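Peer 1: Residue numbers (the numbering used here), protein chains in the order written: chain A, 140 to 657; chain B, 4 to 245.
One should not assume that every hint holds.
[As the list claims (entries may be wrong)] Simulated crosslink set (DMTMM-like; lysine to aspartate or glutamate; CA at most 20 Å straight-line):
| no. | chain 1 | residue 1 | chain 2 | residue 2 |
| --- | --- | --- | --- | --- |
| 1 | B | K58 | A | E541 |
| 2 | B | K99 | B | D75 |
| 3 | A | K343 | B | D166 |
| 4 | A | K268 | B | D78 |
| 5 | B | K99 | A | D348 |
| 6 | A | K262 | B | D78 |
| 7 | A | K346 | B | E131 |
| 8 | A | K249 | B | D166 |
| 9 | A | K346 | B | E141 |
| 10 | A | K346 | B | E228 |
[As the list claims (entries may be wrong)] To give an idea of the chain B side of the interface with chain A (calculated C-beta under 7 Å), a few residues:
| no. | residue |
| --- | --- |
| 11 | S5 |
| 12 | I57 |
| 13 | V77 |
| 14 | R81 |
| 15 | I87 |
| 16 | V91 |
| 17 | V105 |
| 18 | G144 |
| 19 | Y223 |
| 20 | S234 |
| 21 | Y237 |
Quick caveat, the hints were computed from the structure, so don't treat them as lab data.
Note that the structure is predicted; figures quoted are calculated from it, not measured.
Note that the Cβ used here is the ideal one computed from N, Cα and C, for glycine as well.
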Amino acid sequence: MLIGDVFSLMSEQKDFFINLTLEHLQISLIAIVFAIIVGLILGIIVSEYQRNKWILSIINFVYTIPSIALFGFLIPFTGIGDISAIIALIVYALLPMVRGTHSGIVNIDKNIIEAAKGMGSTKFQILYKIKLPLALPHIMSSIRTMVVMTIALTGIAAFIGAGGLGVAIYRGITTNNIVMTLAGSILIAALAIIVDFLLSQIEKLTKYDEPHRRFLHKYNLINKKTVIGVLLIIICILAANQFLTTSEENTINIATKPMTEQYIIGAMLEELIESESDLNVDLTTGVGGGTSNIQPGMLKGDFDLYPEYTGTGWMEVLKEDGIYNESLFNDLQSKYNDEYDFSWVGMYGFDDTYGIAVTKEVADKYNLSTYSDLASVSNELKFGAEYDFYEREDGYDALCEEYGFNFKSTTDLDIGLKYNAIKENKIDVMNVFTTDGQLNDPNIVVLKDDKEFYPSYLCANVVRNEVLEEHPELKNILLKLEGAISAEDMSRMNYEVEIEKKEPKDVAHEFLVLKGLV
Amino acid sequence: MSVAIEFKNINKSFDEKKVINNFNLEIDKGDFITIIGSSGSGKTTILKMINALIKPDNGQVIVNGEDVSKIDVVDLRRNIGYAIQGNVLFPHLSVKDNIAYVPKLLNKNNSEKSEEAVKKWMKIVNLEEELLERMPYELSGGQSQRVGIARSLAASPDILLMDEPFGAVDAITRLKLQEEIKRIHNETKITIVFITHDINEALILGDKVLIINEGQIEQYGPPLEIKNNPSTDYVKRIIGNV
């Protein structure tokens, strides 16, 4: 039944998935080609000169860095998007390549090498006439492992705003759409299996003790010309693709955080801007890590605007002390202007602040209605929140201090997985956002912040001033949405996407029509 | 008769252990020399000094009048055939490409010339032409050795070094190969230095036999002389069961 849903989703949104699959292949392929070239060269250097063994240690070390952390490291240097993803993928792909090349070369029978040497081969001739062909089956099987790994890992690249099928998975997770997540996963698995099969056929041809090899030999299929030719063709295709997809001047690059409401707002902005002006919108939805990865992208100019919350800007971006309230807005605006040359434009009108929710069962059992009620029984309850809640100044620690909470355990969870976790009783208490669509659920009870601990998080657009100057019409378009969306509107739209499984694009369109904006 | 290979006051140690001790020898052009000695006697070390795979600690190795430490070793090796024990054909190359290996290194852009050399040497070592496209794993032990010999001779070197080339084949094949290498020597008149651990093989094949022990020459002379006048107890023991 679920599988049926997956296939009907795939056929409904055929173009979306085909596009993601092509992007996925492109990102993987670029990383694979570079990893093969660089990995072979490094592998040869390590095996030919023993003193270069340290290269292997470094590559081993880098391989142990968790992929998400590595993606995060790269963003300040190479920005959000495909380039960071490709670099990270190459770095991971190097280990199997270098190791495979190295062990392929050093395990060759010493007598064979000495025979070649004794017959008057130079060091380089021994390398390319004897060592590399003999190591080829080994190298080919490393390439196979590496390619499958890279195709799978490319799924994570969506986390830092790169394209590919990870976009579908990530969107599925953040909007609580399991069918979407499954569709993305199945396509990645299918890609990996197909490519692995093709490579296993090629791998057979490289084995010199099997009859296939004679076929290759007879027609001289493995020689310098074919290898260089194939490489050139791949590079040309990739270069042409890069060239054709270069963004035009009249494009506004919009980023959104991985939250359902931001997918909806992103879609609204895209539709509104494109219908009200000649500008094109390039929307990068659901950038992993949210503000911490979008802000560097804004500074680099990869993104022109994104929806942000005032309290987040104050504490997480400006790193100001103290609790934010809207009387500080002028300070916020001028600090953004001075430090980053960004402006806050167009307050949407809803406040997406934190709240604390428990299941109805827990609320009834302990008779909870306020945070102070919760404090007295917190040592019996398990708390869950997304990881940045533990890091924020107004997050977990401050909250515990204010109310004297002392939970039995704490868990890091992705925003999109929290509601499932509480329904499955994996956690008892969680933080929520006041616009969460799933708050409509009668089984979840939001407690009252009786000491008014939480700051204000009004939603507005953060825009680069340079873009506002280049495209003066943009500001007026953004102001059309000022005060247009209440917290109830937002919560209902979130509900439509998360629970009723509507497309963010359709929900955004219906809302714009309702408000008479399109 | 001129000298093809000359060793002058050679010493060599590996890890403090003396392997070759003040070794002096002249090998005449066109001679077929067999070297015999127990394992560890230094016979392979001597052989590998001729094509500079091993360098002496002191002393000179002179090949065709030139000190090998003063010339380009790659050029030197291309003019010296080299066949070693075991099956060390290049497993990823066909019979044809194995034999053509050195000719291709020499005349890179003249594949016709290489092809001619391959066919010529296939015939000389008694290999049927239909084996040309075979891969090494498809050959019998005797065929492999023949290809190995053809490969070492394909660039028409004037010196051929062989390190127990028939060590891994059965007795009948070995007899055939011995006859053939003798015939090839008679036809080509190249200088052959041939290591064996089989005294019969040494006596049958060699124009001169060199018996070494612990890095020093025990006796060097024609087979008859060795048989009739063994100069040391070691030589007597070695030829004892002939």
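Peer 1: Would the hint on I57/B stand, with a C-beta cut-off of 7 Å toward chain A?
Peer 2: violated (11 Å)
Peer 1: Between the alpha carbons of K268/A and D78/B, is the straight-line distance 20 Å or under?
Peer 2: Given pair K268/A, D78/B holds - Cα atoms ~18 Å apart, limit 20 Å.
Peer 1: Please verify whether K346/A and E141/B have alpha carbons no more than 20 Å apart.
Peer 2: Between K346/A and E141/B the Cα gap is close to 14 Å, so the pair holds against 20 Å.
Peer 1: Taking 7 Å as the limit, does the beta-carbon of V77/B come near enough to a beta-carbon in chain A?
Peer 2: Holds. Min distance 5 Å.
Peer 1: For a C-alpha distance cap of 20 Å, please report whether K262/A and D78/B respect it.
Peer 2: Holds: K262/A and D78/B sit about 13 Å apart, inside 20 Å.
Peer 1: Does V105/B pass the interface hint, meaning its C-beta sits closer than 7 Å to a C-beta of chain A?
Peer 2: holds (5 Å)
Peer 1: Return the status of the interface hint for S234/B: holds when the least beta-carbon distance to chain A is below 7 Å, violated otherwise.
Peer 2: Since the shortest Cβ distance to chain A is 32 Å, the answer is violated.
Peer 1: Can V91/B be said to touch chain A, with a Cβ gap under 7 Å?
Peer 2: Interface hint status for V91/B: holds (5 Å vs cutoff 7 Å).
Peer 1: For a C-alpha distance cap of 20 Å, please report whether K99/B and D75/B respect it.
Peer 2: violated (28 Å)
Peer 1: Hinted pair, alpha-carbon criterion (20 Å max): K346/A, E131/B. Please report holds or violated.
Peer 2: violated (25 Å)
Peer 1: Check the hint pairing K346/A with E228/B against an upper bound of 20 Å on the C-alpha distance.
Peer 2: violated (52 Å)
Peer 1: Holds or violated: Y237/B as interface residue toward chain A, Cβ cutoff 7 Å?
Peer 2: Where the cut-off is 7 Å and the nearest Cβ of chain A is about 29 Å from Y237/B, the hint is violated.
When the structure is compared with the earlier hints, violations turn up for hints 1, 2, 3, 7, 10, 11, 12, 18, 19, 20, 21 and for no others.
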